[in-house]
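Each of the two chains sits in its own frame; use the hints to bring them together as a complex.
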Amino acid sequence: MSLGRLVRRHVGSHPVRAILTIGAVAVALFLFCFLRSIVTSLDAAVQESSSRRIITASAVSLFQSLPTTYLEAIEAIDGVESASRFTWFGGVYKEPSNFFAQFGTDPQTLMKQYPEIVIPEEQKQAWFNDRRGAIVGIGLAEKYGFKAGDTVPLLGTIYPRTDGSEWEFNIHGVYRSLRANVDEMTMYFHWPYLDESLENGTALGPRGTSVFLIRLADDYRGEDVSDAIDAYYAGGPQRTRTQPEAAFQADFVNMLGNLPTFLGMIGAAVLVAILFGVVNTMTIAARERMRTMGILKALGFPRQVPSRLYLMEAISFAALGGAIGMGVAWSTQGVFRSILGTQVPMYRVAPETFVWGCVICIVIGIVGGAVPAWNASRLHAVEALRRGA
Amino acid sequence: MSKRLVPLSYPVRSLLVRWQASLLSSLGIAMTVAVFCGVFALLLGFTSLHSGTGQDDVVVFLRKGATSEGESGITLELVQQYKVLPEVALDPESGTPLAAGEGYLALFLQKADDRKSLVNVPIRGVEEASFAIQDEHFRIIEGRNFTFGADEIIVGKPLVSRIHNCKLGDTLEINVTPFKVVGIFEHTGAYRSEIWGDVDRMAAALERPIRQRVVAKLKEDVQTDAFIDRMGEDKRLPSKTMTEQDYFVSQTSMLSGVLGFLGVFLAVILGIAAVLGAANTMLAAIGARTHEIGILRSVGFGRMAILLAFLFEAALIGLAGGVIGCLIVLPLNGLETGTMNWNTFTENAFAFRVDAGLLLLAVGLGILLGVLGGLVPAWRASRLRPVEAMRRQ
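In order, the protein sequence lines correspond to chains C and L.
Residue 79 in the working numbering sits at position 79 of the first sequence, and the numbers go up by one each step.
Residue 363 in the working numbering sits at position 363 of the second sequence, and the numbers go up by one each step.
Just so you know, not all the hints are guaranteed correct.
[To be verified] With the C-beta cut set under 7 Å, the calculated list includes, among others, these residues of chain C facing chain L: (1) 20; (2) 27; (3) 31; (4) 62; (5) 157; (6) 158; (7) 162; (8) 237; (9) 253; (10) 254; (11) 255; (12) 267; (13) 269; (14) 281; (15) 284.
[What the hints assert, rightly or not] For lysine-lysine, the following BS3-like pairs were computed, each having C-alpha atoms within a straight-line distance of at most 25 Å: (16) 124(C) to 112(C); (17) 124(C) to 147(C); (18) 94(C) to 64(L); (19) 94(C) to 235(L); (20) 116(L) to 167(L); (21) 112(C) to 147(C); (22) 167(L) to 180(L); (23) 94(C) to 116(L); (24) 147(C) to 94(C).
Honestly, the hints are just simulated from the structure, not real lab data.
In this text the structure is predicted, and so the values were computed from the model without any measurement.
Every residue gets a Cβ at the ideal spot worked out from N, C-alpha and C, and that includes glycine.
Chain L extracted, bound-state conformation (with noise of 0.2 Å):
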């Protein structure tokens, strides 16, 4: 008789008698729940853009010890010797290295909505091959792309709205001369908060000869591990070799840090301070049912199922918690923000992502909350003696 359970409803059915009590307490944890969740929608919306759309088989060089392009600098004549590499691919139709030499600087621009702050925009100089190697990550959603020779740009969607003379047809000064704005385009990775144009003009504009990094797709046939040793090791032609998807990921490190270290502290922060209102709330909601947990027990449920019971109280109360925190945060997905890359020190335009692992993670987070706060209300409940448990009113 003694290893009984409580029957479910009795928990679900004292929730309901104190059902504003038990709804605070839920809101507590809710809040907890939907900073943490708000936080790492915005860590997982930054990451995505930056792994996943990296190609495996372009690899990147940068000056040896640049950890990234606006520290990097490769002169002219080192770009050549990158790009006849032999283990380059070479375009099937004209026969040339698909390897480009691309210039990168992040530009002071006015911002469209209060022109009197500046952010950082990243612009990129590309050549022929670039198109080639981005391929179908790459495409012009309005307008044309810009011609090779002439002071012309593209612009990344996020930017038009942004950034202040970046709409089809504006004209934006590069340091001291006018380019023209003929195109905007979208690229699935973290590209698309750049301004692209040709790498010679650039270069010219901003009296910059020399160039940021070299990007290379691979032949086939070459692994791209034992290539990237290779070049390590290289004494001749020293350089920092990395695949697209690896330097895409080491851009992500310092905002990453910042963002998980803000949503773990804020989490574990309120989530203290849930658990104390979560065991507030159960230990009244205990000290009002003395009589009721003494009968109870005097009609033969052990203290385990006493235990259980309250915990599993304290469960669904975490439940409510998670399930509100989530509801709070979901209209957040695929809201776009800005935020600056704190490695780059440009801004990135991308949107909150809730997916179902961080749903799952948060009703989890909630639950835990939940009995956390039950564990020692419960534990006290299970103490109780019978018959003065009885006695008491």
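Extracted from the complex, chain C is given alone in its bound form (with noise of 0.2 Å):
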């Protein structure tokens, strides 16, 4: 019998273990997956920002809305190729549950500050013609079922319409997001559109924008040209604090506070709670085949063999764990991009953490393997057969 052959019966000899432990283990690889794409997702915001752009917001408050006219004054700034105005609008679609971002925005601007964002060029220019028109992020469009051609009515929360009746956007376009800083979960609309409904009464609320994003020009770097724009302001009316984008990213991805931490420490208990549970299951299963073992040993079979055997069993049983815990990860990613809209809104399996998921296989099978593997090396056939009883 050929030691691959004697491999396969020794695993396949007890089904319903195999198929628990297998359980285990690719429910401890998905869960590894999932925790860890959260905190890397978020990271990805950061990482893949530009250090071409530049956002200025009030230095005093998330909340605080800077003077519209701090935009010429921004546009004349050395080293600014060009500004757009960025206001959050937070309307209600239907439920307050169906929470998603929506910004008033230069939409020419954008397109071009941004190009990332890509959108059919008809869709594209769709939007630029309508004051109410927008677009939609392609993870909104599938969660919502928005289409170019629909309406969507969002009720005010920041900016209530004076009547108490919906906001009206016509949606244009669908876009897709080439890096992770850009979500697919947002929609755009004109800024002056929210700007007149405030001028002429229809519609309540702050004026001014959220902040402003800026794009450089060739050759300037982000810090002079954010302590240009913020000493203009140092004075007031509102102070302005100016950053790169990935640090502005990450502002929000620390306001999370502990989160990543927590959800590590979950990720690391896990882990070693399975690992226990594997060698414990490994060693329980070696106890009862020694008798088995004390046969081969007796019949010839070279010394190793036993622990070849054992170490085997334990990795291929973490390696088809590992396998299905990782396929599903991959799998769901759709799935949990939609539930965590709101939170994670570009959550995304990486590539790294596959690399980790193999090397957290080999090393629980490896292990797994090695303490019964041991105990077998140590064997002499008369024991095992007497002892196996």
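Structure follows, in structure tokens:
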């Protein structure tokens, strides 16, 4: 009997136990991928930000709007190629639980500043030409079934319409994003439409803009331009804080506080528990099969064979379980992107996570198999036959 | 005879004989219970801060459509109109309405231990009536209250150690105006993570001439629900009116949702792994005792008795797991932590809270996981035929 066949027989000799162990490893690896992906997806937005863009916001509060008159002054500062306005709209689509981001912005400037937002040319033009037009990310389109031609009603929370009715935005297109710093769960519309409504009294709320997004001209350093803008407004009326896009995104991740650490701790605890579990199972299994091993040795199989069998068994359980767990993590990405759309809009399992997953599988397999393998290697055939009763 | 149960000492003893394997499967369950319990202790600490401290005869007016103070905005003329509503209680001494127009904004402030990272700290401008309304929920524990008209603030206790420039005697700059910290206060509810000062001084410093909410105490003979209904239909004075209690609770929905989802999701996933582990251990335990089971059957114990004996053994593993899990989580009780309230985007300080109900639930979860893990093995054991079982070594 070849060793390969022996391994197959050995592994398959106790199918229930095999399934239970593989299942436990699969669960552990799935959870590892899931928890790590939350953290890496949040980080990706920071990592993939462009150093070509800086963001000017109020230095006082996240919720404080800046006067829109700042736009002209900022555009006049050396090194500013273009500046666009971004206002957080905070509208509610049917139910408060349907929470997604909407920004009022300057469409033409936005599309020049963000080459990573891709949308068919005719959809883009249609959006440019309609004051009440909007575009939505593909994730949002999939979640709520939005498509070009639809009208999306939003109830204003920060900007309620004076007559109590809903705002109506005409969807002209669906965009995709090439990088993680722009998520696909956002709606962009014309900032002037919002401002006009506030101006003519059809809506209420603070005037101004949440932030200015600035694209740097060639050969200008972000720090220099940022300092120039902030110095200009140091004495008020509203102090500004200008920072690179990456730092701006990082602020939002930091606001989550110790959540990433918390998730990491849970992940580590789970892996340790599963490792113990696998070692436990393997040791029990080995004790049960001591007699079989004694027979193998007595039949004249080399002394390493029982050890190898245990090791191969543990590794194949870990590999199979890991493959299933990681496979599930891979195939459920869309589901979690939809569930976690508000909190982690760009949920994605990074390739490194799978590499780490493989490393963990190998460790579980080797450690799980090593204990019984070591025991088996020291065992004498006669003793094994006697004790295995 | 077949109705007789296997003595309880049998499963207890067999657990002790294989104590290492039993303990390891208990640990798997303990881990599940601990994670579940930990997340819910966090959730409980957060929600208990927001519920039970709001008062039912105190109402909050926001601008129509707003879901939180941060989104709301009320002009000073409107503030005055809310204050003089006939249902609002009057101060017994001065005869002025017990109602206050409050300003609210979450400021970027530096963390005390890491000044590079900014957190959103709510700052509230209050009026004299605000203190009368909060009454015994609020007290100054260090220093003194701020003086109206002066650039002074008082700071909630949890902020003192967490936020830079929030100690007694420090100076905190708001936009471009320096404010002096003259007192530290404690509040039984969510206001404890805030900074308070004179609303007019703050409005001037922030260049925000509007208020975010009006809070008012109702007269004793006013039915709160009926008043809220009436305000809902009032076209002249549109508003979103709710009790302070309901307002607090409405501010917890997002984080509670996230934590609740996380707790249940992790418990289910970890629970599956723990059940698989427990099932494995029980299967092995039963495999090694086939002979014994044969003997038990042949001396007259019925299938049901065998099934129950092994289920009991599994339940004991679960019970041990539940208790160990509780012991892991118990030290968290009372531990101060802070996390972002996803409704308001502000930092909230609160303590983990492990109460008897949660512990009971945790032990119950442990037992449930143990029993689930023991189900298949125990059923298998009960199906063994006595003669065959005896023959097997």
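We went through each hint and held it up to the structure:
Contact between residue 20(C) and chain L, as hinted, is supported at the beta carbon level, the nearest pair being about 5 Å apart and thus within 7 Å. Evaluation of the residue 27(C) hint against chain L yields a held restraint, the C-beta minimum of about 4 Å falling below 7 Å. A hinted interface residue such as residue 31(C) counts as satisfied when its beta carbon comes closer than 7 Å to some beta carbon of chain L; here the least separation is about 5 Å, so the hint holds. The criterion of a C-beta within 7 Å of any C-beta in chain L is met by residue 62(C), whose closest approach is roughly 6 Å, and the hint holds.
At its closest, the beta carbon of residue 157(C) sits 5 Å from a beta carbon of chain L; the interface hint therefore holds under the 7 Å criterion. At about 5 Å, the closest approach between the beta carbon of residue 158(C) and any beta carbon in chain L falls short of 7 Å, and the interface hint on this residue holds. Contact between residue 162(C) and chain L, as hinted, is not supported at the beta carbon level, the nearest pair being about 9 Å apart and thus beyond 7 Å. For residue 237(C), the interface hint holds, the least distance from its beta-carbon to any beta-carbon of chain L being 6 Å, beneath 7 Å.
Interface hint status for residue 253(C): violated, as the beta-carbon distance to the closest one in chain L is roughly 10 Å, over 7 Å. Evaluation of the residue 254(C) hint against chain L yields a held restraint, the C-beta minimum of about 5 Å falling below 7 Å. The beta carbon of residue 255(C) comes within 5 Å of a beta carbon in chain L, closer than 7 Å, and the hint placing it at the interface holds. The interface hint given for residue 267(C) is broken, as the beta carbon of that residue sits about 10 Å from the closest beta carbon of chain L, more than 7 Å.
About 6 Å separates the beta-carbon of residue 269(C) from the nearest beta-carbon of chain L, less than 7 Å, and the hint is met. Hint on residue 281(C) holds. Least Cβ distance to chain L is approximately 5 Å, under the 7 Å limit. Interface hint at residue 284(C): satisfied, since its Cβ lies 4 Å from the closest Cβ of chain L, which is below the 7 Å cut-off. For the hint pairing residue 124(C) with residue 112(C), the CA-to-CA distance comes to about 12 Å; that is within 25 Å, so the pair holds.
Distance check on the hinted pair: residue 124(C) and residue 147(C) sit about 14 Å apart at the alpha-carbon level, within 25 Å; holds. Between the alpha carbons of residue 94(C) and residue 64(L) the distance comes to roughly 16 Å, so the proposed pair stays at or under 25 Å and holds. Taken as a hint, the residue 94(C) and residue 235(L) pair is honoured in the structure, with Cα atoms around 23 Å apart against an allowance of 25 Å. As the CA atoms of residue 116(L) and residue 167(L) are separated by approximately 18 Å, the hinted pair is consistent with the 25 Å bound.
Note on residue 112(C) and residue 147(C): the hinted pairing holds, with a Cα-Cα distance of about 23 Å set against a maximum of 25 Å. With a CA separation close to 10 Å, the supplied pair residue 167(L) and residue 180(L) stays within the 25 Å bound. At most 25 Å may separate the alpha-carbon atoms for a hinted pair to count; residue 94(C) and residue 116(L) exceed this at roughly 39 Å. Between residue 147(C) and residue 94(C), the direct Cα distance comes to roughly 17 Å. Compliance with the 25 Å bound is thereby established for this hinted pair.
Hint compliance for this structure: hints 7, 9, 12, 23 are broken, all remaining hints hold.
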